[in-house]
Amino acid sequence: MSMIKKWGVLAVLVAGMAGVTVRANADTLLSPPSGYFNKPAVIAGAKLFAKHCSTCHAVSSLRYERLASDLGMSKASIEKDVMLPNGANYRMGMEPAMTQAEAKKWFGLPPPDLSHMVRALGVRFIYSYLQSFYWDPNRPSGWNNHLFPKVAMPNVLQPWSGIVAKNGQVMQPGRVTPAVFHQRVADIVAFLRYASDPSVFIRHKLGPYVLGLLVAFSLIAYWLKKEYWKDVHDNPSKRKK
Amino acid sequence: MANFGDWLNKRFPLRELMREHLTEYFAPKNFNFLYYTGSLLLLMIVMQFITGFLLMAHYVPTGPEAFNSVQGIMYDTRWGWLIRYMHVDGVSLIFVLLYLHIGRGMLYGSYRKPRELLWIVGYTIYILMMGEAFLGYVLPFGNLSYWAGQVITSIIQALPAVGPALAVLARGGAGIGTATLERFLALHAVLWFWIIAAAIFIHILALHQVGSNNPDGIEIKENKGADGHPVDGIPFHPYYTVKDIFGVGVWLTIFAAVIFYAPTMHGVFLERTTFSPANPMVSLPDVTPPWYLAPFYAMLRAIPNKDGGIFLMILAVVLPFFLPWLDRSPVKSSRYRPVYRAMILLLAVTFFTLAWVGEQPPLPKYFLLERGGAAIYVGFYLLLPIISRWEPTRKVPERVTS
Ligand code: HEM
Chain R
1 MSMIKKWGVL
11 AVLVAGMAGV
21 TVRANADTLL
31 SPPSGYFNKP
41 AVIAGAKLFA
51 KHCSTCHAVS
61 SLRYERLASD
71 LGMSKASIEK
81 DVMLPNGANY
91 RMGMEPAMTQ
101 AEAKKWFGLP
111 PPDLSHMVRA
121 LGVRFIYSYL
131 QSFYWDPNRP
141 SGWNNHLFPK
151 VAMPNVLQPW
161 SGIVAKNGQV
171 MQPGRVTPAV
181 FHQRVADIVA
191 FLRYASDPSV
201 FIRHKLGPYV
211 LGLLVAFSLI
221 AYWLKKEYWK
231 DVHDNPSKRK
241 K
Chain U
1001 MANFGDWLNK
1011 RFPLRELMRE
1021 HLTEYFAPKN
1031 FNFLYYTGSL
1041 LLLMIVMQFI
1051 TGFLLMAHYV
1061 PTGPEAFNSV
1071 QGIMYDTRWG
1081 WLIRYMHVDG
1091 VSLIFVLLYL
1101 HIGRGMLYGS
1111 YRKPRELLWI
1121 VGYTIYILMM
1131 GEAFLGYVLP
1141 FGNLSYWAGQ
1151 VITSIIQALP
1161 AVGPALAVLA
1171 RGGAGIGTAT
1181 LERFLALHAV
1191 LWFWIIAAAI
1201 FIHILALHQV
1211 GSNNPDGIEI
1221 KENKGADGHP
1231 VDGIPFHPYY
1241 TVKDIFGVGV
1251 WLTIFAAVIF
1261 YAPTMHGVFL
1271 ERTTFSPANP
1281 MVSLPDVTPP
1291 WYLAPFYAML
1301 RAIPNKDGGI
1311 FLMILAVVLP
1321 FFLPWLDRSP
1331 VKSSRYRPVY
1341 RAMILLLAVT
1351 FFTLAWVGEQ
1361 PPLPKYFLLE
1371 RGGAAIYVGF
1381 YLLLPIISRW
1391 EPTRKVPERV
1401 TS
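Chains as they are written, first to last, in this note's numbering: chain R, 1 to 241; chain U, 1001 to 1402.
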């Protein structure tokens, strides 16, 4: 078989695999701006999250101390900006201010633990969800959501987003510009993405070294193979026994 | 040192084994990249054993704790994320290798006489691996694990006569819970795993009995030189040991790239629905299997009747066993069989299309793809005995080409 045909076979196989990998994404979800995910954004997001979301949501898998070891935050800053003054424990997972029972009374159901939410729903979904609230006087909280109809969560970001009607009409502008609003939501999503897989920064830091080492190993192995195989290609009768 | 060697070899056939399986085991000199897959599969199985062992040190097989214990490995255990990603991504990469390995066997007619048994043992390993993957899949007890457990045990339940009793035995009760996790862990890590290990051992012994095929499909043992060795053969050691070491380097680079930069492969290697805990109250809109089992799932869905679907799926899984006898061509390798080669390519494309469609929600718009795919898949095996009789063949050279 010629080289071209051989690679043709491979290409078809790879294309087949790629077809499996790239799933149809016909939806119209928003994406956070590229480059939104980095340590400063995650730190900013952690602080915003503590202020606006921790009232209701736990991130139980993520211990506060990880923010120091993974992100380089100081313990003082974590205690001041992230931990709620409700007896949260530095060595334990992030707990909400409200107890499950209270939350259930208020919203009819306990707000979910957000530890793995980004992996379960995807970055784009959560980024869009937080920006899809609209005013709906028929709902008990006064809020509804385009992506999650009849959602129990109120639009806690109202100070930034303002009040928007179902048809997109702005009933009351937010206190910050839309650009700042998007930016802050992106930071919160960055934090939640980190929280769903805190190994991400270690992986990205070690990745180049591990790959470099393995590529170097492969190159040496290739050279070794070439040396050994010289006699196979040059002179079959003189091969080693 | 030499004395120790003598001492040892009087009591254990080390030298003999080395000679028989490495230094005087002759392999064709024209292997291409598809021949790396066997040694890489061995490597991956050993790695799964090691990472699986380490995971087990922290895993708790109970309904309430299984999910949390896995998250404890990911968040709180030093290097736990690395171990778990190696184990989870290892599965998908093993199936990539298995499909290349099986595809290679089909491309070059490696299943033909005298390698029928080698093929059957190999294909048995593949089926055992599907079972092993399913057992492991349930263990982290995400919601997908739970519902996958439900779906598969309900397929067992649908088997005639023994079905219901077998399903209770598999679940350890009426539903999926702690008893299920305990027995799945015992099977996954002990019994099933070691059956696979034993099958791999037999696979390699069978291979060494008949010797490797090669991309030209020529039997090198039929052309021996004055020294009694095949003229187109080279000793496995050192030639293929150094070559395989290079293969290992390249493969580990790919493996590391996945682990460090795309450990969930966008939800393909580690699905989204595995990230919420098992919950019998929250049913999933569509319980789709992982990509490597999806082709068979697509065929299951291709027939709307449940029993019919299960029959088609089992048929699809079983058919490749008969390949050695379905192929009647005098020529082995697809290099010299243009029609057969086209059929294999069509089969490969069909198989991965079925994998894709098996992952989609069960919508009517996919029926045609599912049915067409199933028809091509089954048709390949049913038509092969006829086509392989009259298909034109090119002249096979005397010596291997390089
Ligand atoms: C974990 C599973 C498996 C392992 C560890 C394994 C291992 C190996 C090894 C080390 C070789 C020799 C090197 C090579 O030719 O690549 C080989 C050859 C072979 N295997 Fe497997 N194998 C596995 C699964 C399978 C499966 C699923 C099949 C078929 C359905 C299969 C069929 C064959 C055949 C036909 C050959 C000879 C190929 C030739 O000489 O052209 N194996 N296997």
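Keep in mind the hints are simulated off the structure, nothing from the lab. Where a beta carbon is used, it is the ideal one built from N, C-alpha and C, also for glycine. There's no promise every hint is true.
Here are a few chain R residues that sit away from chain U, every Cβ distance over 12 angstroms (derived from the structure) [claimed, not checked]: (1) A68; (2) G108; (3) I202; (4) A221.
Which bits of chain U does chain R cover? Going by a derived footprint, with three or more residues having C-beta under 8 angstroms, they are [stated by the list, open to error]: (5) 1003-1012; (6) 1200-1207; (7) 1228-1241; (8) 1248-1254.
Right, here's what the structure says about each hint:
no.: 1; hint: A68; result: 15 angstroms, holds
no.: 2; hint: G108; result: 15 angstroms, holds
no.: 3; hint: I202; result: 8 angstroms, violated
no.: 4; hint: A221; result: 4 angstroms, violated
no.: 5; hint: 1003-1012; result: violated (count 0)
no.: 6; hint: 1200-1207; result: violated (count 0)
no.: 7; hint: 1228-1241; result: holds (count 5)
no.: 8; hint: 1248-1254; result: holds (count 5)
Comparing the model with each numbered hint stated earlier shows that hints 3, 4, 5, 6 do not hold.
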